[in-house]
Amino acid sequence: MMKWTLFTPELYYVAVASVFFVCSLEKKADPRRLYRWAVILAGIGLAVTVACTRMEGFLFFDSYKVDLFSQVFKVFLALGMFFVVMVCSELYGIEPRKHGEFYFLLSICTLAMMMLVSAVELLTIYIALELSSYSLYLLVPMRHRADEYVETGIKYFMVGATASALMIFGMSYLFGITHTTYVADIIQKLPDVLGQPAALVGLLLALAGFFFKQALFPFHIWAPDVYQGAANQVTTYIATASKMAAAAMVIRFVGMSTGQSEVFIQILVVLSILSMTFGNLVAIVQKDIKRLLAYSSIAHAGYMLIGILCMTQRGYSSAVYYALAYLVMNFACFMVIIKVAPDGHNLQIKELAGLHKRSPLLAMTLMLALFGLAGIPPTLGFTGKFLVFAAALEKGYLLLVIIGMINATISLYYYLIVIKAAYLLEPVREYAPVRVDAWTRVMSAVLVIVMVYVGIFPDRFVALAEATVAVLP
Amino acid sequence: MLMTAMEFAQFPVLSAILFSTLLALLVILFIPDDRPHLVKQVSLGFAALGLALSLYVYVAFDPQKGGLQFVERVLWVKSLGIYYFLAADGINVPMILLTAVVLFTGVLTMWELEKRVKEYFALTYLLVAGVYGVFMSMDLFFIFVWYDVSLFPMYPLIAIWGSTRKEYGAMKLTLYLLAGSALILPGILYLWAVAGGTTFDLFELQRLGFDVQVQRIAFVMLYLGFGILAGVWPFHTWSPVGHVAAPTAVSMIHAGVLMKLGAYGILRVGMTLCPEGLVYWADLMALLATIGIVYGAFVGLAQTDLKYVIGYSSVSHMGIVGLGLATMTVDGINGAVFQMFSHGIMTALFFSAVGYIYDKTHTKMIPELGGLSKTMPKASAFFILAAFCGIGVPCMSSFWAELLVFISAVKTYPVRGILAVSGLVVSALFMLRVVQKTFYGDKNPKWEHIPDVPLFLASPRIILVGILIFFGLFPRLILDIIQSAVVPFVNSL
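If you're matching them up, the sequences are chains A and B in order. For the first sequence, position 451 (counting from the first letter as 1) is numbered 451 according to my numbering, and the numbering increases by one without interruption. For any residue, its number in my numbering is found by taking its place in the second sequence, counting from 1, and adding 473.
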């Protein structure tokens with residue numbers, strides 16, 4: 001029975017989901033009360049996952065592995081959920097009577113992703129991924145005036161279903177070739193047979209499902225529409241927590257090839273270059289800030305892939321660090337968006353005009369987060385890019401790094417446009433005043449301090465990232 | 474040169490300079506918005522402190538002993554081999570002094586600023602912290618970090634407080650310079666990875682040494698990357714546009730100090746780690762530098778905007794620095810470093826002088842001015858003195874610098890050397906033409922009522938002129954220091 005303690009974080013989120021399921025049955029739940037409960041439960045959830053970081057072991061006939069890698073990613077996921085719940089105080093993008101369901105689906109989705117990062121067996125992985133996807137399929141169209149955004153939901157579902165189909169198809173190839181669904185066994189058998197096209201195709205197709213979650217080119221088509229169409233809080237969740245789980249799984253699957261196949265690496269290199277370049281170039285012309293961040297997320301998936309495709313310990317650890325940095329910076333951006341657009345509408349870049357006067361603290365948070373995303377020191381985004389590029393150069397990918405850096409320069413252009421709006425432009429009309437409560441102040445201050453502190457003193461976090469990937473086979 | 478992980482020989486004066494600027498930034502951020510005067514006083518106080526400490530470094534630096542002095546070295550990130558490693562040698566001591574002088578005079582020059590005062594000075598201090606950091610760091614990681622820190626405040630500084638197509642100028646400048654760092658970072662990481670991925674310490678890397686092929690690849694990346702900031706032709710186009718758009722003191726810091734970061738980076742990182750690469754690419758460097766000198770002078774001839782004139786003269790003068798570095802001789806590099814110092818002071822003086830004229834007349838177009846020496850003789854005198862210095866009149870510090878560079882250039886690259894000297898003649902022509910049109914000739918009655926510059930506002934210019942003449946009369950005082958680093962460096966080539 002002791003084994004079940006390994007499953008504590010997941011069980012906790014099952015319980016949270018049940019609580020909100022009951023709440024969603026209630027006809028007139030008070031949104032304020034739900035919000036308070038959600039914050040408390042998500043906070044406890046974070047504490048529970050942090051407390052479980054040192055656990056190790058196997059569950060369910062070895063298809064479920066609990067180790068430092070999975071537990072650290074669970075902390076990231078719990079952190080992501082906590083972040084999102086924190087900014088739900090003005091959840092006006094979603095009808096009040098649906099708030100219970102919103103929190104319910106959010107908990108289920110987090111639970112599913114936690115299972116995903118621990119799953120080491122193909123079918124378990126598939127089921128966990130589908131569970132998280134279905135919760136998101138429901139969360140995305142759950143918005144005020146849903147008929148306007150119904151296209152978004154359908155698009156997301158169609159693309160997602162296609163990616164899942166590709167993925168299960170690829171998994172069937174992997175199973176056919178290696179006669180096993182256990183990742184640990186596949187790793188032993190796959191390198192020998194990776195010369196066969198079927199194995200390579202199988203692995204790439206299996207990756208498709210996670211590339212879809214990560215919004216890597218060419219699986220990115222959903223991202224801009226979903227970012228724009230979903231309620232701001234849901235977008236925040238997709239942009240932060242959901243990306244974490246995908247990054248973890250890409251690391252796990254790419255690791256299966258153990259760097260044996262040149263062709264496989266070259267395909268990943270091409271995908272990463274296309275993803276960075278496409279994302280950055282299209283982001284330049286965006287007017288809606290959520291769309292802009294969607295395209296920038298496509299580019300960031302490319303940067304992260306650079307670290308992963310090195311297939312070295314340092315490469316994986318740099319990707320883990322990058323993922324964490326991305327979580328924090330992206331959340332900071334979305335927090336500002338949500339606070340500047342409290343009624344939940346889609347924020348245009350020009351609406352940020354004069355933010356430095358309307359709320360200096362939010363303006364500064366936004367500026368630091370965007371500089372971090374652009375990779376300007378001394379922010380943790382810079383350290384992330386630095387580690388990724390360092391890992392790539394250790395493998396001798398000089399050209400790839402130069403392309404990556406040129407992309408970082410391009411990206412600075414559109415981040416600067418947003419910063420310019422916040423700091424230089426005068427508002428053309430009176431915008432609703434930005435209400436910044438004490439809670440938001442604290443969060444902004446914490447985010448700013450974290451972004452700069454970790455940027456300047458990365459030592460311990462680099463060490464943590466390295467310890468995290470050391471347990472990977 | 475074996476060092477323990479932590480080594481503090483004495484009072485960490487370099488850290489004190491660096492962190493006093495960051496402290497100034499923090500203090501300024503916490504001053505209430507409605508006390509702009511206090512902001513200025515605090516800024517001036519910290520600038521004076523920095524100046525005093527840099528003067529101490531300059532005086533206490535022992536040129537007989539040479540080598541690295543005031544060393545501070547702490548392990549920062551273990552797994553990558555990053556060190557917080559500050560030190561002063563003959564090359565960066567003049568640069569630190571230059572930065573402190575330009576900051577101090579820059580703060581004085583902006584004394585009459587009224588728009589968003591607090592943010593202006595906070596950003597200036599951030600910029601200067603980056604500049605100090607690059608000059609003092611001996612660790613590639615930190616050199617890059619500080620380099621980037623010094624670049625991005627330029628965007629708001631120009632876009633908010635600038636003039637003449639400021640947003641265009643700011644964006645162009647930022648993107649150009651970051652494109653430069655897009656080459657520097659891979660270059661640095663490439664060297665680090667080839668050396669085994671264990672240390673970013675400049676001198677440890679130097680000791681480990683690199684293959685000829687690696688050096689050639691890395692050097693050209695570092696040269697182009699840093700060269701963009703140094704205004705190397707044909708990557709100079711951001712610089713006149715940026716100078717024109719920037720407010721006075723930002724132009725001073727920018728042309729006076731920031732462009733030197735580029736040349737300094739080439740020398741400190743590129744040439745130190747890739748001497749073979751330098752040998753391979755020196756021809757190209759000398760060629761681009763010569764084109765820069767001649768091109769800058771000719772384009773300067775055609776300008777009607779005072780700031781554009783100075784902008785192009787900077788391109789020309791930075792070409793002299795590049796030419797000096799490319800000679801790979803003691804005299805050439807001595808001259809190049811000295812030229813970095815004296816051009817920094819001179820350009821600061823130029824922009825400071827133009828700043829006053831622009832503040833009062835609201836124009837910097839040469840045809841609209843004219844005869845200014847009659848209405849404001851003192852303000853005009855500063856500009857004319859700077860122009861003399863730019864031409865290389867004896868008794869001014871750049872005379873010595875240019876002399877050293879040109880002598881060794883003519884020896885090493887006869888044709889290009891002579892072409893470069895002829896470029897200097899053209900630049901003399903355009904400087905004198907500008908002086909003649911702006912300050913002599915018929916008075917423009919529109920400017921008759923303008924008062925001459927009062928003593929307090931003139932003080933920054935007096936300091937700068939004093940430094941130019943002082944080192945013009947006693948060049949040994951700075952050349953000895955520079956030489957203490959350059960001689961061992963050239964011998965090791």
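Hints were generated in silico from the structure; no laboratory data involved. You may find that some hints are simply not true.
As the list claims (entries may be wrong) - As a list, the in silico DSS-like pairs of lysine-lysine whose alpha-carbon atoms are at most 27 Å apart:
| # | chain 1 | residue 1 | chain 2 | residue 2 |
| --- | --- | --- | --- | --- |
| 1 | A | K350 | B | K588 |
| 2 | B | K588 | B | K645 |
| 3 | B | K833 | B | K910 |
| 4 | B | K919 | A | K287 |
| 5 | A | K350 | B | K851 |
| 6 | B | K551 | A | K395 |
| 7 | B | K847 | B | K910 |
| 8 | A | K28 | A | K98 |
| 9 | B | K588 | A | K357 |
| 10 | A | K420 | A | K189 |
| 11 | B | K851 | B | K910 |
| 12 | B | K851 | A | K420 |
| 13 | B | K645 | B | K551 |
| 14 | A | K287 | A | K155 |
| 15 | A | K357 | A | K287 |
| 16 | A | K420 | A | K350 |
| 17 | A | K420 | B | K916 |
| 18 | B | K588 | B | K833 |
| 19 | B | K833 | B | K847 |
| 20 | B | K884 | B | K833 |
| 21 | B | K916 | B | K847 |
Please read these numbers as outputs of a predicted model, since none were measured by experiment.
Hints, one by one, checked against the model:
Of the pairs offered as hints, the one joining K350 (chain A) and K588 (chain B) holds, with about 23 Å between alpha carbons and a cut-off of 27 Å not exceeded. Taken as a hint, the K588 (chain B) and K645 (chain B) pair is honoured in the structure, with Cα atoms around 23 Å apart against an allowance of 27 Å. Our distance criterion of 27 Å between C-alpha atoms is met by K833 (chain B) and K910 (chain B), whose separation comes to about 18 Å. The suggested pairing of K919 (chain B) with K287 (chain A) is violated, with an alpha-carbon distance near 46 Å, which exceeds 27 Å.
Of the supplied pair hints, the one linking K350 (chain A) and K851 (chain B) is violated, its CA atoms being roughly 47 Å apart against a limit of 27 Å. Between K551 (chain B) and K395 (chain A), the direct Cα distance comes to roughly 20 Å. Compliance with the 27 Å bound is thereby established for this hinted pair. For the hint pairing K847 (chain B) with K910 (chain B), the CA-to-CA distance comes to about 13 Å; that is within 27 Å, so the pair holds. Annotation: proposed proximity of K28 (chain A) to K98 (chain A) holds, straight-line Cα distance about 10 Å (limit 27 Å).
As the CA atoms of K588 (chain B) and K357 (chain A) are separated by approximately 14 Å, the hinted pair is consistent with the 27 Å bound. Proposed proximity of K420 (chain A) and K189 (chain A) is contradicted: the alpha carbons are some 54 Å apart, above 27 Å. About 17 Å separates the Cα atoms of K851 (chain B) and K910 (chain B), which keeps this hinted pair within 27 Å; it holds. A hinted pair counts as satisfied when its Cα atoms are at most 27 Å apart, and K851 (chain B) with K420 (chain A) does not qualify at roughly 39 Å.
For the proposed pair K645 (chain B) and K551 (chain B), the alpha carbon gap of about 37 Å is over 27 Å, so the pair is violated. Straight-line distance between C-alpha atoms of K287 (chain A) and K155 (chain A) comes to about 21 Å, which keeps the hinted pair within the 27 Å bound. In summary, the hint linking K357 (chain A) to K287 (chain A) is supported, as the alpha carbons are separated by about 22 Å, within the 27 Å threshold. With a CA separation close to 10 Å, the supplied pair K420 (chain A) and K350 (chain A) stays within the 27 Å bound.
With a C-alpha separation of about 42 Å, the suggested pairing of K420 (chain A) with K916 (chain B) is violated against the 27 Å cut-off. Straight-line distance between C-alpha atoms of K588 (chain B) and K833 (chain B) comes to about 17 Å, which keeps the hinted pair within the 27 Å bound. Under the criterion of a C-alpha separation no larger than 27 Å, the hint pairing K833 (chain B) with K847 (chain B) is consistent with the structure, at around 15 Å. Between the alpha carbons of K884 (chain B) and K833 (chain B) the distance comes to roughly 47 Å, so the proposed pair goes past 27 Å and is violated.
For the hint linking K916 (chain B) to K847 (chain B), the alpha-carbon distance of about 7 Å falls within 27 Å, and the restraint holds.
When the structure is compared with the earlier hints, violations turn up for hints 4, 5, 10, 12, 13, 17, 20 and for no others.
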